[in-house]
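Going down the list, the protein sequences come from chains A and B. Residue numbers for the first sequence follow my numbering, beginning at 1 and rising by one. Residue numbers for the second sequence follow my numbering, beginning at 1 and rising by one.
Honestly, the hints are just simulated from the structure, not real lab data. No false leads were slipped in.
Once the Cα atoms are required to be at most 35 Å apart in a straight line, the calculated DSBU-like pairs of lysine-lysine come out as:
1) A/K213 <-> B/K348
2) B/K186 <-> B/K119
3) B/K119 <-> A/K213
4) A/K213 <-> B/K65
5) B/K387 <-> A/K213
Covered stretches of chain A (in silico footprint by chain B; criterion: 3 or more residues with CB under 8 Å from a CB of chain B, positions within the stretch not fixed):
6) 194-200
7) 214-226
Listed below are several chain A residues computed to face chain B (Cβ distance under 7 Å; list not exhaustive):
8) S210
9) N211
10) G277
11) R278
Owing to the predicted nature of the structure, the values given are computational and were not obtained by experimental measurement. Backbone N, C-alpha and C define an ideal beta-carbon position, used for all residues, glycine too.
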Amino acid sequence: MSAGAEPVASAFAPGGARRDWQTKLVDRGPFLVACVMLAALVAIYGSLREGVFTLEELNIDTAAALTLLLAATGQTIVLLRGGIDLSIGGMISFGTVIAATQFGDFGQTAGWIVAILAIGLGVGAVNGLLISILRLQPFLVTLATWSILSGAALLILPTDGGQLPEAWMSGGNATILGLSTSVWILIVLLVFWAWFRSTRLGITIRATGSNEKSAFLSGVSLTFINVATYGLSGLFAALASLYLTTQTGAGSPTIGKDYILPSVAAAVIGGISLFGGRGGLVGTVIGAFILTIIGNLVFVLSVSSYWQPIVSGVILLIAVLASSLAERSARRSLT
Amino acid sequence: MDLIDASAVSKRYGGIAALSAAEFHAKAGEVHALIGENGAGKSTFIQILAGAVRADAGTILLAGKPYAAANPSAAQAAGISSVFQELSLIPDLTVEENIWFRREPTTPFGTVTRRAIRKQTIDLFERYAIPAARPDQEVRRLNLAERQVIEIAKALARDPRVLILDEATSSLAPRETEWLLALSQKLAAAGKLVIYISHRLQEVRAVASRITIFRNGATVAAHDMNAVGDDQIISEMLGRRLDRLFPERKPTATDRIALRIRGVSAGQRVRDIDLDLREGEVLGVGGLQGHGQRELFQALFGIGKAKGSIELWGRQVSARGPQYSLTGREGIALVPEDRRGQGLLLAKSVRENLTLAVIPRFSRLGILSRRREKALVDEMIEFLRIKAKNPDQPAGTLSGGNQQKVIFGKMLLTEARVLLLYDPTRGVDVGTKGEIFTLMRDLAARGYAILFYSSDLPELVHVADRVAVMRNGTVAGVLEGAAISEDNILKAAMFEPRAAAS
Chain A
1 MSAGAEPVAS
11 AFAPGGARRD
21 WQTKLVDRGP
31 FLVACVMLAA
41 LVAIYGSLRE
51 GVFTLEELNI
61 DTAAALTLLL
71 AATGQTIVLL
81 RGGIDLSIGG
91 MISFGTVIAA
101 TQFGDFGQTA
111 GWIVAILAIG
121 LGVGAVNGLL
131 ISILRLQPFL
141 VTLATWSILS
151 GAALLILPTD
161 GGQLPEAWMS
171 GGNATILGLS
181 TSVWILIVLL
191 VFWAWFRSTR
201 LGITIRATGS
211 NEKSAFLSGV
221 SLTFINVATY
231 GLSGLFAALA
241 SLYLTTQTGA
251 GSPTIGKDYI
261 LPSVAAAVIG
271 GISLFGGRGG
281 LVGTVIGAFI
291 LTIIGNLVFV
301 LSVSSYWQPI
311 VSGVILLIAV
321 LASSLAERSA
331 RRSLT
Chain B
1 MDLIDASAVS
11 KRYGGIAALS
21 AAEFHAKAGE
31 VHALIGENGA
41 GKSTFIQILA
51 GAVRADAGTI
61 LLAGKPYAAA
71 NPSAAQAAGI
81 SSVFQELSLI
91 PDLTVEENIW
101 FRREPTTPFG
111 TVTRRAIRKQ
121 TIDLFERYAI
131 PAARPDQEVR
141 RLNLAERQVI
151 EIAKALARDP
161 RVLILDEATS
171 SLAPRETEWL
181 LALSQKLAAA
191 GKLVIYISHR
201 LQEVRAVASR
211 ITIFRNGATV
221 AAHDMNAVGD
231 DQIISEMLGR
241 RLDRLFPERK
251 PTATDRIALR
261 IRGVSAGQRV
271 RDIDLDLREG
281 EVLGVGGLQG
291 HGQRELFQAL
301 FGIGKAKGSI
311 ELWGRQVSAR
321 GPQYSLTGRE
331 GIALVPEDRR
341 GQGLLLAKSV
351 RENLTLAVIP
361 RFSRLGILSR
371 RREKALVDEM
381 IEFLRIKAKN
391 PDQPAGTLSG
401 GNQQKVIFGK
411 MLLTEARVLL
421 LYDPTRGVDV
431 GTKGEIFTLM
441 RDLAARGYAI
451 LFYSSDLPEL
461 VHVADRVAVM
471 RNGTVAGVLE
481 GAAISEDNIL
491 KAAMFEPRAA
501 AS
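Just chain A, with the same shape it has in the complex (with noise of 0.2 Å):
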């Protein structure tokens, strides 16, 4: 054959368009995989009860996933970003805490929802900064804060108690448009996550967990992303509090706890990765409403209620494990 008939081969010889959708396929797989897991939960919930394909079973499911969501949306940011923020449950304690204590007459009580955004969004901010400038670990500061937040709602009401005013109450549990108001938050939070995933601030705290080194080469300020991660994350554990409340119409300075491990295990389960820079939030609610329909189920099928947590920790293994095979193929792909 002649030299001619011989393109010259180029040293940027792709892997080949042939492997592009299983490329995507894989990077996609912990996604995918939740998708199913979803899907199959909902199944077998359908076929043993009646009424699970109906906007009021969606209304209800909604409401008991959306605290959770709500903490593990802050949670998905943190860990995009590469870190963790256990600090979200003492965010929490402490939100209903106040709320219940202090919310009065309309004036009052905006003033107060006011207050719980502030401090949220402050402790997470303090977070942010005791990680950059005093160059500690994430676990660390956020379980120091959330242990501080703990005992401040703990010396504010001791005992799970105190009063919401109705109108908060009805206003959290309203229908509109036969939807209730945990689809609209919902819905207003994937409008946010369009919006905010998009963003310069978004890309960056993306990018920043992926490769802090090569973010910081690309004059990324490390303190600020530490800030606004970690100031995101307290604002949405401070609005999962306020919503927790309409749901409970008391104060809980304990309840708090109850959402810090679940709120990483939605996020992971949805694919977002523990090293940071992968994911969104759309798998974090599949993960939230996983979590949710294994408590369902537990409930039709009347066995004990242990095997919640039992349930769920296959459905994090499984969704770990097809993590971890994206994570080999992508590491693999790389030397």
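Use these hints to put chain B onto chain A, whose structure you have.
Here is chain B on its own, set in the frame of chain A:
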């Protein structure tokens, strides 16, 4: 007037002076080479220019005005863009997101406009004839060479007055290197300043009009490129006359076959390879980057799945993973491509790095003998002349060349006599390069068998006994004796599969 006018710039890290009163003067419109051994202070100096590190003392004038970048953004705002040796790309972002990172065009809602980014990217690629890459591919899917090109594209996208290229060609294939050299000169012709850092003298000579030489943190000399000879440059770099970069090549191969490869295929990039590596031989592996060399080395070391037959010293081996490859004198050892990522634990000490793979050699019943470990480590540090303050110095704080020596030491301690060296001189200074080549020939003479890939053609030509040229995942030809030349390697790599096989 000089565009960059740096005087008496100093920087200390702890007790060590990385730069002491360095001088650097460069004009707009020139390609200015900055050379020196690893550890000479080049990296520190350009990191100061790039805002990644702050100088302790000295003044830098940029176009006559005092310049002190507090961070990389400030440097970029002042028109200084750098292509770092350590890549600044974000693995999980796409090519185009990386190029425009933090400078993305946005809508009034603050969201990034994908379409505008795509258009800008394509314009940029066309404007600088950047070797094509897919704008929407995630960077973690790219190989080192592709990443390097994107890194350069990212720097160009800022339309800088000063472009700093730090070892930018070390992972590039000849074709992309050509592109970069031509581009540098085009930028200089357009009135920019290109600061070009490379260990490859040939390249420096081809591209630069001025040259500044650093040694031990200080400026030794600055010349017009055409007024200075290679010997002078090298002696100024080293502070002594270097005999010769390449050692004498005496044939030491025996008839005994150390590594017999038959019909080995791996993944999509290695197809049906037959090769014999003999005792006492250095067998070079050449070809354009990305034609299966990396995958071949990985397959031989047992990373990933491979089909076909691999024999070590006449014994069939199952290549299942590095731990199976490390079996004493019958084994096989690898110097990997990415020493900082794959070869070394940067935070661990020289001692721990050296002995990590051979802990059983100095432990009995699971208990380590510190005395025996120390003996082995000291011996290896002395044999390889590793420049470390003490064996407990973290490997990450050594210069590039010394890091590479630690990897060699780690490999030699396994006692394996079949060595796979994947680009062992990448980013290594000239002095250490010479030592590595001498070591390779010395090991061959002692009966080691060495498979040697290099992205630098002259290395293959001058060090290897034979050169197997790879093309599209298979061996396109094996060059021997006088037939080994840069021309023949390139020809076999690019055009005629069987050209010089005779």
